[in-house]
Structure formats: structure tokens, C-alpha cells
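Colleague: Whenever a hint applies, use it, and build me the whole structure from the sequences.
Listed here are the chains, written in short residue letters.
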Amino acid sequence: MKAIRAVLLRLAGLLRLTRSDADINEELQSHLMMLADEYRRAGLSDADARRAAAAKFGSVASVAQAYRERRGVPTLEQVAGDCRYAARSLGQTRMLSISVILVLALGIGVTTTLVTLFHAVAFRALPVPDSDRVVKLSLGLAGDFDRRVQGHVSQFSYPELTLYQDTTRALSGVGGFRHEVSAWFHGGSRRPIVLGLVTANYFNVLQARPASGRLLTDADRLQPAAVISYRLWSEAFGHDPGAIGASMLIDRMSYTVIGVAERSFTGTEVESVDVWVPLAVAAPARGHADRLGDASLSWLQLVGRLAPGASLKSATVEAGVIAARYDAMHPGQRTTVKVSHAAALDAGLLQSGNDRTKVIGVGAVVVALAAVLLLICTSNAAALLLARASTRQREIAIRIALGAGRWRVVQQLMTESALLAFVAAVTGLALCTVVLRATAHLLPLAGYFDRFVPDLTVLSFASLAALAATALFGTAPALYATRVDPLAAIKQDVSGLSARIPGARLRHSLVAGQVAVSLVLLVIAGLLARGVEHALRVDSGFRLTDLYAITVDVPAGNSTAADRSNLVRRLALSLHSTRGVDVGLAVVQPFVGAGFNHARAAHMTDTVQVHFNKVDPGYFPTLGVPSVAGRSFATGDDRSHVIVNARLARTFWGDERAAIGQAVTFIDETSAPDAGPAGARRREIGYRTGTVVGVVPTLQSVDVGVPDGPTLYLPILDGDLPGASFVVRSPLRQPLDRLTGDLTRGTDAMAGTASIADRVVASTQPARFASAVTVLLGVLTLLVAAAGVYGIVAHSVVSRTREIGVHVALGAPRARVLRIVLGSSIRAIGSGVALGIVVMLIGAFVGSEALEPILFGVGPLDPLALGAVIGFLGGVMGAASYLPARRALGVEPIDALRRI
Amino acid sequence: MTQPSHDGKTDKTEVWQGTLALMVLTTLEALGAQHGFGIARRIEQTSGDRLSVNPGTLYPTLLKLEQEGSITSKWGVSENGRRARFYQLTRAGRKQLAEETRQWQTTSDIVARFLAAARAR
Numbered sequence: 001m002k003a004i005r006a007v008l009l010r011l012a013g014l015l016r017l018t019r020s021d022a023d024i025n026e027e028l029q030s031h032l033m034m035l036a037d038e039y040r041r042a043g044l045s046d047a048d049a050r051r052a053a054a055a056k057f058g059s060v061a062s063v064a065q066a067y068r069e070r071r072g073v074p075t076l077e078q079v080a081g082d083c084r085y086a087a088r089s090l091g092q093t094r095m096l097s098i099s100v101i102l103v104l105a106l107g108i109g110v111t112t113t114l115v116t117l118f119h120a121v122a123f124r125a126l127p128v129p130d131s132d133r134v135v136k137l138s139l140g141l142a143g144d145f146d147r148r149v150q151g152h153v154s155q156f157s158y159p160e161l162t163l164y165q166d167t168t169r170a171l172s173g174v175g176g177f178r179h180e181v182s183a184w185f186h187g188g189s190r191r192p193i194v195l196g197l198v199t200a201n202y203f204n205v206l207q208a209r210p211a212s213g214r215l216l217t218d219a220d221r222l223q224p225a226a227v228i229s230y231r232l233w234s235e236a237f238g239h240d241p242g243a244i245g246a247s248m249l250i251d252r253m254s255y256t257v258i259g260v261a262e263r264s265f266t267g268t269e270v271e272s273v274d275v276w277v278p279l280a281v282a283a284p285a286r287g288h289a290d291r292l293g294d295a296s297l298s299w300l301q302l303v304g305r306l307a308p309g310a311s312l313k314s315a316t317v318e319a320g321v322i323a324a325r326y327d328a329m330h331p332g333q334r335t336t337v338k339v340s341h342a343a344a345l346d347a348g349l350l351q352s353g354n355d356r357t358k359v360i361g362v363g364a365v366v367v368a369l370a371a372v373l374l375l376i377c378t379s380n381a382a383a384l385l386l387a388r389a390s391t392r393q394r395e396i397a398i399r400i401a402l403g404a405g406r407w408r409v410v411q412q413l414m415t416e417s418a419l420l421a422f423v424a425a426v427t428g429l430a431l432c433t434v435v436l437r438a439t440a441h442l443l444p445l446a447g448y449f450d451r452f453v454p455d456l457t458v459l460s461f462a463s464l465a466a467l468a469a470t471a472l473f474g475t476a477p478a479l480y481a482t483r484v485d486p487l488a489a490i491k492q493d494v495s496g497l498s499a500r501i502p503g504a505r506l507r508h509s510l511v512a513g514q515v516a517v518s519l520v521l522l523v524i525a526g527l528l529a530r531g532v533e534h535a536l537r538v539d540s541g542f543r544l545t546d547l548y549a550i551t552v553d554v555p556a557g558n559s560t561a562a563d564r565s566n567l568v569r570r571l572a573l574s575l576h577s578t579r580g581v582d583v584g585l586a587v588v589q590p591f592v593g594a595g596f597n598h599a600r601a602a603h604m605t606d607t608v609q610v611h612f613n614k615v616d617p618g619y620f621p622t623l624g625v626p627s628v629a630g631r632s633f634a635t636g637d638d639r640s641h642v643i644v645n646a647r648l649a650r651t652f653w654g655d656e657r658a659a660i661g662q663a664v665t666f667i668d669e670t671s672a673p674d675a676g677p678a679g680a681r682r683r684e685i686g687y688r689t690g691t692v693v694g695v696v697p698t699l700q701s702v703d704v705g706v707p708d709g710p711t712l713y714l715p716i717l718d719g720d721l722p723g724a725s726f727v728v729r730s731p732l733r734q735p736l737d738r739l740t741g742d743l744t745r746g747t748d749a750m751a752g753t754a755s756i757a758d759r760v761v762a763s764t765q766p767a768r769f770a771s772a773v774t775v776l777l778g779v780l781t782l783l784v785a786a787a788g789v790y791g792i793v794a795h796s797v798v799s800r801t802r803e804i805g806v807h808v809a810l811g812a813p814r815a816r817v818l819r820i821v822l823g824s825s826i827r828a829i830g831s832g833v834a835l836g837i838v839v840m841l842i843g844a845f846v847g848s849e850a851l852e853p854i855l856f857g858v859g860p861l862d863p864l865a866l867g868a869v870i871g872f873l874g875g876v877m878g879a880a881s882y883l884p885a886r887r888a889l890g891v892e893p894i895d896a897l898r899r900i
Numbered sequence: 001m002t003q004p005s006h007d008g009k010t011d012k013t014e015v016w017q018g019t020l021a022l023m024v025l026t027t028l029e030a031l032g033a034q035h036g037f038g039i040a041r042r043i044e045q046t047s048g049d050r051l052s053v054n055p056g057t058l059y060p061t062l063l064k065l066e067q068e069g070s071i072t073s074k075w076g077v078s079e080n081g082r083r084a085r086f087y088q089l090t091r092a093g094r095k096q097l098a099e100e101t102r103q104w105q106t107t108s109d110i111v112a113r114f115l116a117a118a119r120a121r
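As they're listed, the protein sequences go chains A and B. With the working numbering, letter number 33 in the first sequence gets 33, and the count goes up by one each step, no holes. With the working numbering, letter number 41 in the second sequence gets 41, and the count goes up by one each step, no holes.
Honestly, the hints are just simulated from the structure, not real lab data. One or more of the hints may lead you astray.
Said to hold, decoys possible - Simulated coverage check for chain B against chain A, where a stretch passes if three residues somewhere in it have a Cβ under 8 Å from a Cβ of chain A:
(1) 48-59
(2) 77-85
(3) 107-117
We put the CB at the ideal spot given by N, CA and C, even for glycine.
Modeller: So this is what it looks like as C-alpha cells:
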């Protein structure tokens, strides 16, 4: 009790609630006067009495200090005082403080962002009620087993799933799921989507909630019902409530949308699902009906929910019993079933050992990257603070001379560092939030990034990072600054201070490294930007304006290949009868991928891989591509007539003209590819030989800005029509839309028109994004490097003031003075640039292939990009060096000489 | 704990840290309300001028006792007409004094016995 009361009163004392300084002084003065009274009574004169009393009493100030220390909590008061002082002194060197804060904020912000991303991917709980009751199941197989795997060996077969569902008591439900990439036929194009094939009870087990409509239930087991993700709802339907009930054509199966999942729910894997459909409907529609009955095929992931009263332990015991039943299904096999918490976002992902290693590997790299980045930033901040500490030698020396303990001064300097780190952490967190928001908007994976919001874990990480940063960047400068001989410093003899700081060499190498990294990043960014610009001006070999693609499709459920052929034929007829419109048919449209085949000339022993397309006589005229030699396709041509591009002609026969009349052997599928429900049927594959009747120029029709490989063109035959689509050149788009509208009205057929030029623009999207990211990273590194250079130069100016003064006094020109202080930074920058160029030369030989698809024909060593970047970098570095170097030019020789 | 110091001319011992609180409480019990100077004077007199009370020790001790609730203080006027802060025992202070007196006596009894035993040997 007594102790608590005392503590409370002392805390109150902090706020001067109990006794003011004036009060204390008055009490002590009264004591002093009574003492003097006593001496006076003993017979001393007034003055002597006072003098004697003062001598007896001792220092009033120190008694008052002892008193005050008892009154409050000295450490706390000191900290508050230190903070006030730190804020003032940091305010005096505003530019420098802002630089330190920015550098640290960058470090903390980027590190926090990386950790947030990784945390969100690997450790977030599922966004469903009672997510700690959700478990994932995985198979372990041993003994003599025969297993086929479509996914991972720890996954289940459909019969194993149903057996588990029928047997379990410990789990209130078990759902199965599988993610597959599929295509949604939408608005005239095939939109790639991630399809979630799930058991009808999947949402019930997870207790996920709908944002609109309803989710799948057991009644939907065999219904073509679909639940769409919130993201798809907003992107493709604009939050339209009318989306419920709409039909979606996926895998030639028409599904009816019954609901929208909640925004936070994106599935039970890392990748976000766009559409969930019942497994028992979608598997056959995707040509995998046989999988449902296969007991030895691993292809489904299982997720369950613990029944009320059941624990992970009881579920594990039960899993042992069920595993024994599996052994009965697969004689000779010893099965174990592992039940574990699905606390990780990806119940599935971490299930498989391989992927876990991958995630942990990525995580390790991310954390290491974050650590290195933070280290670089803190080392640069330390360099800046060192420069600052040097300028404060006199102040510190005076404080030490006045009796401040070294530890006390260190404490004061550390308070300044902590204050800087705190402001930096707040700024860094704000930066992190902004970056994450921006990423969410920029990335095509938008919905996936919605959950990347810094939470408590991340906040504590940021504070930890700030703390570590304080310790890292604050300690060395504080210790260095206080290692001073007060007498020498006050006499302005700074000779003791110009001693080399330990670690200077390391700092120089770090700055050089940063310069190199930012150079490389900026050059890559420059290349990407040039690539994008190049792509939009690229000569594909054909004119892109007024060129459209028209695709038609019919739902698989109630149509045959013949129906689709008829549809194509009817559209062809109406297009041909439209005035001013050129029409061609092709199996592979420009810029939507490539067909592949193997071919050889008569004189070759082995076939080589070639690009391949089937086109009708109207295709090349519509594109506006004339033949280089020979003729174009004509009606009546069959598989014994082929056209090749110039590149194939040169590769096979050395010359375009020599190709005409030559024989070429290629693989021919006697039946057209049919991706319908019965698509599993084997195709007869055999070789066929045709004669080259024409040679066309090498186009750039597969990847933007990249010449096509050797390409073989075959005439389209009737059997190819179901997979064919139109290439149309028309001055206006409306007639095309009207035509397709007339064609499909009243039927369940679908048709869509798309601009081919738009495809080219869309293909530059990843490059634009990559360019934006590398520019951001490059500029960040550049800023950090600039701060490092600033620190180096500032320190060199301060520590060599006297030397500079002597030079100035002896009449050295400005250039010479600048050379003295800039020498070290120029060396660091120069070696950084050299290192960067070497790295790029190596990269150009090793990594150019990786970048090729997004460079659109710009060489990896594009001189324009390189020159611009080096110029920019040099400018920034020059500014970072010149600002502190100006101080050297302002050195007064008299002032500097006085210091000797 | 004890740190006898010599200031050269006199042979006075500075009062022991731990015992000062007890002396203050005893003094206040004997004198009633008293100011800091009076307390110091009284302790020095009682010790036969063998102790010297340093104001730097006395005032923090008074503040500590007040914070702990053993004494209270208020401004008043001394017999010589000087304004001074007067300290007074509280009921809790009396209880604490009784307790500390008992403890001190026990301790000094024990120490006396040890010293007697040592002398006897």
C-alpha cells in the first residue's frame, strides 16, 4: 500500500502536482535563514552569520536537486527532457534529419511491405467463421501402392473423398476441391479464369457466406450452378445484382450464376478462384468423367470442420480408422491420414511437402532481402548521423567537460536516434499502406491483394524493425561522438576528430553496391519502357487498323461439332455478302498464342518444331500480306498444298524461291481437334507430305515485336471449322456487331468481336507493370544510395575542414577544393557504375532470354536506355555530393587556420 | 550501509541513511509539529552533537516519509517568526514508528549479544 502510494505521488510529482520548485526553494531558504539566526544569536555579525550558515548548509542547488529527484521519477523526467532536446537539435539540422528519416522510412516501409505480403500469403487464417476449427487432410502412402497423381500424391481420389464423408463423426463435414485454369467465353473473347471444382458441401463445411444470392448446397450437386468471386462480380458484372441468374459459358458448359462469394473469400488456395462449380458437373464437362470413379488417382484436396466436441486429436484417431478402410480399397498399401489445422490461408498449398519447401524458400529469400535492405538503409542512416556527430564534437565536449557522464551523453544521442526511428517507422508504415494499395490497383491479381492490409503482427514487426534500426544506426555514431578529449575539442583542436572512422571502407563498398543495383534496375526499367513504346510502333508485317477478330461458340450441352461448323459457315456467308469487308478464317488468331507442329524437308533426316496455322484463302488478303513467291491458297486446296513463311523457307531450303514445289512432311491430325465432352478420345496421328505452293513474309503475329518462328500454313478444311474464327478488316465495327447479333438472336449461340490492335496493347500490360515496379525499386535504391553519398561527402568535409582551410589559404582554386572532398564519393560512385555495367553485360548474355518476351524487340543493351540512365544517375549522385561539398567551398581560411 | 565521513575539522559522523527516518519519526513524536531545521537541530542535540544532519539527506527523507503517508506537512510560522514548512506525524506514522522501534530494538539486542560473546572470548 505504502509503496503504491509513494509511486503514485512520485508520478504526480512529475507533473508538479505535489510540490513546486519554488516551494522547495522557499523551504530550503527558510532553513538557511534559521541557521543564520542561530549564528547571529551566538554573536556573529549579520554578514558573518550568513556566510557561516551558507558554508554549513552547502550548495542549495544540489540539495534542491536531491529533493527534486526524490519528488518525481528522475529517469522519466530525463527521457522527456532528452526528447525535447532531441527534437530541438534535430530541427536545427533539418535537411539531414529529413534525409535520415526518409532513408530509414524506405527501409522500414519496404521491409514491412515484403513481410506483409509474405505473411498474407503464408500465415493468414481463412476468412470464415471459427477458422480454427477448419482442418485440412493429407494422405501419406507407404508399402506397395499404385497411384496416379494429378496434383500431389498427398491428395485424395473421389471414392476416398466420399468414403471419408460417409464415415467421419469427428468432422461435421468434409469437402473436396481442386483449382484448374479454364476459360470463360465472354464478350467475344475467352477470358482465362481460375475454376474451383468443389463438392456441393464445400461452402457449408467452411461456413462461408454469400455477398449476394446464395452459395452451393447439396441440392446443387448435379446442377450446372456457379458461384462467382466478388472480384469477378465487380469486374465483369459491375456489382450488378442481375448477375444472379446469368449464364456463363465455361468449357462449353453453360452454368447459371446462383451467387457471389464474400469479398474476403477467395478460395482455399493461394491463387484466387474466380468461379466455383460443382465437381460432379465440371469434371465431366472438362473431359474428366473417368476421374470420379478412379480410386487410385490423387487429384482432390480435402478440407473439413471439426464437429462440436471433437478435437484435432479425436479427428486424428478417427483418421487412422478411415486410413485402414483405404487400405482395404488398395491391397498392399499402408495409408496414413494426417489431420492438421488449416490456419494457413492455403489449406491446400502447405499440404504438399514440395510446395511448402517452395513457400518457405521464397519466404527465406524475402526475409533475407528485407534484412539486407534494412541493413543498407540503416548503414546509410548511420553514415549521415556520423557526419552530424562530427559537427557536434564541440557541443558534446563541452557537455562532458561540464560533468556529463559519457553514458549520459550516449543516452541523449540514442534518444535522438530513437526519435528519428520512430518518425521513420510511422512514415514507413504509411508508405507500406500506400504501396500495397497501389499494388492492389496495378496488379491483374487485384482481388488477391485486398487482404494485404498491415495488421497487428505487421505493426509489431515494423516497431521491431525500428528498434533494431535504432540500435544499428544509433549506437556507432553515439559511441564515436562521445569518444572525445574535451580539452582538445574545446580548444578547437579538431585533430583528434579527423581520424578515420572504422568501417569507412565498408560504407564505401555499400554505396558502390547500391549505385550498381540502382543502375541495373533503372536500365532494366528503361529497357522495358522502350520495349512498350517499341511494341506500339512495331511493324507486324500487316496493318492493325480496322482489323477485328470474330469468334463464335455454342454451348456443348445441346450442340454437336456440326452445329458449330454450320454456325461458322452461316457467319462466313453473311460476312462475305457485306460490302467493303475482307474476311479470312484461321484456327490460330494473331496474338493469341501459337500452334505447333513438327516438319521436315525431303533432304532432312529429323523433323524440327515449327509454328503452324490453318487458314482459308481469304486470310492473307485480309491481313494484306502478299506472297513473296508462288501463290496464295485457293478454294479446292487440300492437305497436299502448304504455304510456308520466309523464315521456314530459308531454314529448310536456304532461299524463298527455292521453296516452291518442294515437299514438306508434317504431322497431320486426320480428325479435327474436338475439345467437347467426348474430347478424351485419342486422335490418330500420322505423317503427311505436301507441296509448297507459296511463300509469305515472316510476320510478327505470335508475340508482339518478335518475328514468328518457321511457320507452316495449311488450308482450312471442313473438319477444322468448329475451331476456326474470323479475321475481318472493316472500316466500321457496328456492321460486324449487327451481323453477329442477327446471327445469334434467338439461339443459344454466342459471338463476339474484338479489335486486334487492342490485343497488342493488352500484351504490353505485364511489361508496363514490370517497368513501373522496376522504376519504383530503382528510384528507391537510388535515393538510398544518394543518402549514402551525401553522408560520405558530408563527413569528409567536416573531418577535413582544417586541411581545406590550408588549401584555400594557399590559394587553391575551387576545383581543387572540390576534388579533395569529392574524391572518395567519386571513387565510390565510379566503382558502382562500373560494377553495374559489368553486371549488365553478364546479364545481357545470361538473362536476355528471360526478358525477351516483354522487350518487344529492343536489345538488352539498348544504348539509348543505358545512356539516359547513366546520365540520370550521375545527375542525382552529383547533386547528393555537391550539396554537402558546398560547405567546403565556404570554409573561411582564417577560421580554419585558427584551429591549428 | 554506514558511511562515516570526516570533514577534517570536526569529528562528526554523518547520520546513517537507514536510521535517519527512524530518528525523524522519533523527533516528531517527541516535539509534535516541527520544521526541517528544528528536526535537524534536535537530532544533532540528542546525539550529543556527535551526528551531523546534511540537508541534502534530510529533505529527501522528509519527502519520502510524506509520500509514504507517515507524516504530513503544511506551511506555518516558527517561534522566531520565520515562515517554514512544519512536519507532523500521522496515525500511520505512529504505527510505523512503533513497528520500527520494535525492529530496531530486536536488531540492536542481537548485535549487542554478538558483541558481548566476542568480548567474552
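Colleague: Check the structure against each numbered hint from earlier and tell me which ones fail, lowest number first.
Modeller: Of the numbered hints given earlier, the structure breaks just one, which is hint 3.
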